[in-house]
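Chemist: Chain residues, written in single-letter form:
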Amino acid sequence: NAGVTQTPKFQVLKTGQSMTLQCAQDMNHEYMSWYRQDPGMGLRLIHYSVGAGITDQGEVPNGYNVSRSTTEDFPLRLLSAAPSQTSVYFCASSYSTGSYEKLFFGSGTQLSVL
Amino acid sequence: DAKTTQPNSMESNEEEPVHLPCNHSTISGTDYIHWYRQLPSQGPEYVIHGLTSNVNNRMASLAIAEDRKSSTLILHRATLRDAAVYYCILRDHRGGADGLTFGKGTHLIIQP
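Chains F and D, in that order, give the protein sequences. Residue 1 is where the first sequence starts when you use this note's numbering, and the numbers rise one by one after that. Residue 1001 is where the second sequence starts when you use this note's numbering, and the numbers rise one by one after that.
No wet-lab data here; the hints were simulated from the structure. Beta carbons: idealized from backbone N, C-alpha and C, even for Gly. Wrong hints could be hidden among the right ones.
Listed below are several chain D residues computed to face chain F (Cβ distance under 7 Å; list not exhaustive) [what the hints assert, rightly or not]:
{"id": "1", "residue": "Tyr1032"}
{"id": "2", "residue": "Gly1043"}
{"id": "3", "residue": "Tyr1046"}
{"id": "4", "residue": "Arg1058"}
{"id": "5", "residue": "Ala1060"}
{"id": "6", "residue": "Arg1091"}
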């Protein structure tokens, strides 16, 4: 199993450009989420999904959109990139949202907005 | 989720045991204690979790105080590969879609 796959690994954008960060999991997990990690900080939740067709906002959702049309995929869209969105982005998934569940993380996408 | 307190950094020697402490004095009776670690330039990785009893797996052991207000992650024989940031996280009984609340964790340095 590949687990959680994120693409691309690195991306440089100019302010105002749009792009989509891809996340796919092959574990048939219902729950998927996106985090961002700024230098020296812990991860902060952007958006999450508890199943296909269901998404909701996390702690820092502004400037990001998500959709979940399939169980496997959970793309994160930046509509108009800003320098404040320079960060490392991690996608994570788990079988359910139970408090005993462990999350599986992707290897991250490093995004720079100039 | 209730808050946890960890030391900013710890240092240990290779092939020695490492005890990483975590205080969680406001833990509720049904909060699970989770530990994750993040190796350099990688995503977080699950290590272990427990509720009341001590837990062991192939990576580590988790020792939970009787009053559950603190816990300790034990790496029995540290290797250079164990150098990482270790996060102690509480997940309440509602579990939830709000995922995990990450603090700054403990930066573990392993000396050869």
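Chemist: It remains to establish, for every hint, whether it holds in the given structure.
Modeler: A quick look at each hint next to the structure:
| no. | hint | result |
| --- | --- | --- |
| 1 | Tyr1032 | holds (5 Å) |
| 2 | Gly1043 | holds (3 Å) |
| 3 | Tyr1046 | holds (4 Å) |
| 4 | Arg1058 | violated (14 Å) |
| 5 | Ala1060 | violated (13 Å) |
| 6 | Arg1091 | holds (4 Å) |
Consistency with the previously given hints fails for numbers 4, 5, ordered from lowest to highest.
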